[in-house]
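Chain A is fixed; fit chain B onto it per the hints.
Sequence lines, in order, name chains A and B.
The letter at position 74 of the first sequence is residue 154 when you use the numbering used here, and the numbering goes up by one with no holes.
The letter at position 33 of the second sequence is residue 178 when you use the numbering used here, and the numbering goes up by one with no holes.
Treat the hints with care, as some may be off.
Claimed, not checked - Calculated lysine to aspartate or glutamate pairs in the EDC-like style (CA-CA distance at most 20 Å, straight line): (1) A:Lys235 / B:Glu195; (2) B:Lys395 / B:Asp405; (3) A:Lys254 / B:Asp216; (4) A:Lys254 / B:Glu236; (5) A:Lys254 / B:Glu172; (6) B:Lys169 / B:Glu363; (7) B:Lys324 / B:Glu172; (8) B:Lys388 / B:Glu375.
The set of hints was computed from the structure by calculation and includes no laboratory data.
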Amino acid sequence: MVKKAWFKFVMSILAIILLFFILAPILKLILGSEYQVMIETVQDKEIMSSILLTFYASLIATLLSILTGIPLAYLLARVDFFGKSVIEGLINLPIIIPHTAAGIALLTVFGDRFFLGRFFNMFGINFVGSFYGIVIAMMFVSMPFLVNEAKEGFKSIDERYEKVARSLGYSPFKTFIKVSFPMNLNHIISGSLLMWARGLSEFGAVVILAYHPMTAPILIYERFTSYGLKYATPVAAIMVLISIIIFTIISMINNNQNRRKTND
Amino acid sequence: MIKLENLSKKIGEFQIDNFNLSVKEQEYFVILGPTGTGKTVILELIAGLEKVDQGCIYLNNRDITNTVSEDRNIGMVYQDHMLFPHLNVKENISFGLKAKNNYSKKKIEELVSEVTKLFSIDHLLDRDIKTLSGGEKQRVNLARAIIIKPDILLFDEPLSALDPNTKDKLQKELKKIHKIYGTTTIHVTHDFNEAVNLADRIAIIKEGNIVQVGQPREVFNQPKNGFVAEFGGNKNIYKGIIKENNGCKKIQINEDTTFDILSDHSGEANITIRPENIIVSKHPVDSSARNVINGKVVDILDRLSYIELIIDIGVTISVHITNESLESLNIKIGDEIYTIFKASSVHVF
Chain A
81 MVKKAWFKFV
91 MSILAIILLF
101 FILAPILKLI
111 LGSEYQVMIE
121 TVQDKEIMSS
131 ILLTFYASLI
141 ATLLSILTGI
151 PLAYLLARVD
161 FFGKSVIEGL
171 INLPIIIPHT
181 AAGIALLTVF
191 GDRFFLGRFF
201 NMFGINFVGS
211 FYGIVIAMMF
221 VSMPFLVNEA
231 KEGFKSIDER
241 YEKVARSLGY
251 SPFKTFIKVS
261 FPMNLNHIIS
271 GSLLMWARGL
281 SEFGAVVILA
291 YHPMTAPILI
301 YERFTSYGLK
311 YATPVAAIMV
321 LISIIIFTII
331 SMINNNQNRR
341 KTND
Chain B
146 MIKLENLSKK
156 IGEFQIDNFN
166 LSVKEQEYFV
176 ILGPTGTGKT
186 VILELIAGLE
196 KVDQGCIYLN
206 NRDITNTVSE
216 DRNIGMVYQD
226 HMLFPHLNVK
236 ENISFGLKAK
246 NNYSKKKIEE
256 LVSEVTKLFS
266 IDHLLDRDIK
276 TLSGGEKQRV
286 NLARAIIIKP
296 DILLFDEPLS
306 ALDPNTKDKL
316 QKELKKIHKI
326 YGTTTIHVTH
336 DFNEAVNLAD
346 RIAIIKEGNI
356 VQVGQPREVF
366 NQPKNGFVAE
376 FGGNKNIYKG
386 IIKENNGCKK
396 IQINEDTTFD
406 ILSDHSGEAN
416 ITIRPENIIV
426 SKHPVDSSAR
436 NVINGKVVDI
446 LDRLSYIELI
456 IDIGVTISVH
466 ITNESLESLN
476 IKIGDEIYTI
486 FKASSVHVF
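Only chain A is shown next, with the shape it has when bound in the complex (with noise of 0.2 Å):
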């Protein structure tokens, strides 16, 4: 198709606009740091398990989502039942509402005044202030991430895949396993990334919940509130740089994903 130079012109200057928009503060962010700080930043050893501190925590989130938020996703791609679209819709809520309300509603619920709260608490493990705090307000607030993109990768499987599978002697929760789980298994992997690397970024939710012990996020508002800028920009510069680094892998394996899909 001919197209007028001018239509293609425009377009590019318009998204150049974007690019620039976003990327101008990034690059100034890691270039502009000193080499110098950022070194002394890596050896810092309250910057280094603060950050450790953030990617264990959003990986334990990640996990327990795969566990469940699988099961979930696949009841969404497979069984039609009442009330479908309500759940649909509740699963996005999260992105919706502000991550403070999240990490407010989320305390309501793991705080010591109700009985879930109290019910883990029988177990010593207690949400507010600690390392589980973390970890459920991560969870609660990126899984809709690993469930849509879940849910869209069982909807893409034909269904007859596993109907051959049931004919061929495999039960339900065998199919399951060998069928449905390994022919999504790209989406599962890359929608356990973007929530892994959405959980890293929280701010709101975690701070409601546990100040302390400090994720990276918290740690760079402190920084920035307490010492100013010239101390938060090195920890925000390396926490950027890891998060563009996950974000390369999981475009790269999409990538992949999708020209397996046009050799088919």
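Below, chain B without anything else, positioned relative to chain A:
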């Protein structure tokens, strides 16, 4: 043996009501009908992949209506191969053998090697599914279903997505496989030729109802109604009134056209004459055939394996002749010609 008794099922727009069907042991049974008449649903009901609303399914006199799919031992082969993309050819074929862990590794190797040789796909074992051609994919698909030695094989338009050449080859292989294993087979298709080639018996289905069941020749030559006749590629379908004259029965199609017939019918009736059962001649011949009718060639159509003549004999009639006959008779459009067919070739219904 499989028997469907008063089967009813409703899925969305589609519905079958009181569906009855009985397929004999070792029979190759073809269900023939236009696309989108719910033939797939019937197969999925038999395989236990869809739940029956009402009615019963018997497999070798055992009621399997409520048996789960994985315990029915019924193989299902879909049109679009449905090979697992995360497994290679060998893993796909041996998939069913691993369902219940009752085969040793050695036994699996043995069975895979046997079935892949049969389909001439033994050189593909380590290949990725996406690298296979359409014909190879469908062979692997068939091998995957056959290797578990199912009691019944269900084929859902297995050849429809293939090119004519591959289709032909696979048709022959299906025949061969059926001869070797003798597995009772129900094959669903919309292709009349495929049905005639493969079937021991054919059921013609229309909107979820069986219109006619019989051996291919029977369905072909004695269609029960216009739908079956037309589906069998027969365009010569006419309506008329049967009259009797000195013990000779005739059917009047219109003011100028009557055919001699042999029939017990009377009053209004439909007739078909298979285009292959009509011969043509440039001169009136004295023949035992009772219908010798003068007409005019309207069109000559090259159908590659035969020639179709469209002749106006008061009604338009389609006649199939060989290329040789066309040349030796030197037939051209507009020629006067005689069509000759026996009274017994006129099928009345």
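Structure-based check of each hint:
no., hint, in the structure
1, A:Lys235 / B:Glu195, "19 Å, holds"
2, B:Lys395 / B:Asp405, "4 Å, holds"
3, A:Lys254 / B:Asp216, "13 Å, holds"
4, A:Lys254 / B:Glu236, "16 Å, holds"
5, A:Lys254 / B:Glu172, "32 Å, violated"
6, B:Lys169 / B:Glu363, "18 Å, holds"
7, B:Lys324 / B:Glu172, "10 Å, holds"
8, B:Lys388 / B:Glu375, "25 Å, violated"
Checked against the numbered hints above, the structure violates hints 5, 8; every other hint is satisfied.
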